[in-house]
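From just these sequences and the hints, can you work out the full model?
In the UniProt record's numbering, the protein residues as written are 1 to 517.
What the hints contain is simulated information worked out from the structure, not anything from laboratory work.
Keep in mind that a hint or two might mislead.
[Stated by the list, open to error] Straight-line C-alpha distance at most 25 Å; calculated PhoX-like pairs for lysine-lysine:
(1) K416 - K135
(2) K172 - K16
(3) K302 - K337
(4) K85 - K255
(5) K105 - K20
[Claimed, not checked] Label pairs and their computed distance ranges (CB to CB):
(6) S140 - V57: 29 to 39 Å
(7) D441 - N258: 54 to 64 Å
(8) L242 - E486: 17 to 27 Å
(9) K473 - G366: 53 to 63 Å
Ideal placement from N, C-alpha and C gives every residue a C-beta, glycine not left out.
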Amino acid sequence: MRSKSRQEITDWLRYKTFIKDPIHGVIYLNNLEARIVDSPVFLRLHGIKQLGFTYLVYPQAKHSRFEHSLGSMHTAGLIADSLVKNADEELVEIIGKEPDSLMLKELFRVAALLHDIGHLPYSHATEAVLTKGIKEGWVSGRVIEDYEYAVARNLSLHEAITCNLIKLLVNKMKKLGKFPAGVVEASLKVLCDDEVYGSWRDFFTEDVISIVRSVISGRITDIDKIDYLVRDAYNTGAKFGLIDIERLVSSIKAKRINNKIKILIPAKLLSNVEDLYYARYMMFKYVYLHHRVIATEACYEKTLKFVFDNWSTVKKSLTPILGRTVTEAGDLFFSKKIFDYAFTKGILLDDFLVEYLLKTAYRFSGPNEKEWFDAVFLRKKTLKPLFKREATFHIVFSRIAEQKGLLYRDPAELLKDLYRMYEDIELLEKRISEELSKSLDCELIVKIIPPISSLKEELPLVDVDGFTVSIDKISPFISAIEKAGEAPTIFVYARRDCRDSIKAIELLVNVLIKLSS
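As structure tokens, this is what we get:
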């Protein structure tokens, strides 16, 4: 790090308060962190459920992005301590000693604290609807500016909104008085690779930014997954999140390999990392991708589209609350509008506001649309799955594959090939739905969820007695889990019961085979 007078910054890093947390025990905050947490745009996260509509299946899953952000900050601080403690001579020169290591730790913590500040109501559910709506042309308004920022930087929509909210927060805090802008601006560089501000260079090098970025958003041993897997398991009652966080992060270190700084896991922590992989796979399979959760998200998409399609009518009832500045429905989800509403009007774009928006729209809906709203708010089974369990689909597939003499014996392989063939998932969903509708007297909705395992990202590296190897080379367990998670997951729902669900599944299998040929 580069030298500069830090007395003023050190004052900001003094202890301010603490928060009790069921996962980490006590989470301490300094003056800077407390200032960020107390800002209206951060407090907005209190009203955004971490798991969206999962609470309709797991009733206690109502924890929010707020506590996850605090937990991520705490975990990031632990990893920073570990990296400093385990640094070799070269890394000591990069990371530095006191007080530079304090600045490094603060960058870890602030970047982690802010990494989810741009999440939209109901977390990923709203983001998915808006992204799809923008592509299809029925979402209008200034949220498209955030989307274009995301596309230009290969980010998701909520990541782009995060970046823009951080910029607005920096400008706001500068106006309110002196504060260590360099640390917050460095977090913008870490999370967004955005060079709009340059003061971070007074404190940090590119190598430091690279180290922090790899810990904030790595393949799996990153602060985001470590916290949310344990927290989500705790709040859903799942037994998959039994992870020893303190041991997992205790010996993590960094090393320069081929002129790039990489995070290494010592071999002695292999069993802990295996616990993490197992937890992630099982949480996705049985919690995040529960068939009822996906069905509710599909119904939510219909309700939000109804709002966009009927905005001129709906917005008249919302004018007393939102004012007249929201011309298009998409303006409501625009980063600057989110920020301005929070700071100037005390209106927070969270689950509660969108729920009010939808319940207002409900008054203008007809019997057909009301079924979608009832699924979201009254837990009505508007959509019914052709199959609830993958096992049913697999059995039917195997039988047909054998009858046809296909090379495919596992539907996962077929789905993987289809996923590679179609870059646009929505297009694949549409093709499957159209083919099925030709033969079935049912209104169908097809949802394809990307693979749990990411084939684009590098697996964590393990230090085995001085040798560096990819973790799948020394852990058959992790290798098997990665392979199991390589296929996308398909869900098919009918608006009403299909008369013969097995026949419908057989038809689905034949459609998939046809599209893959």
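Checklist entry - Looking at the structure, which of the earlier hints fail to hold? => result none
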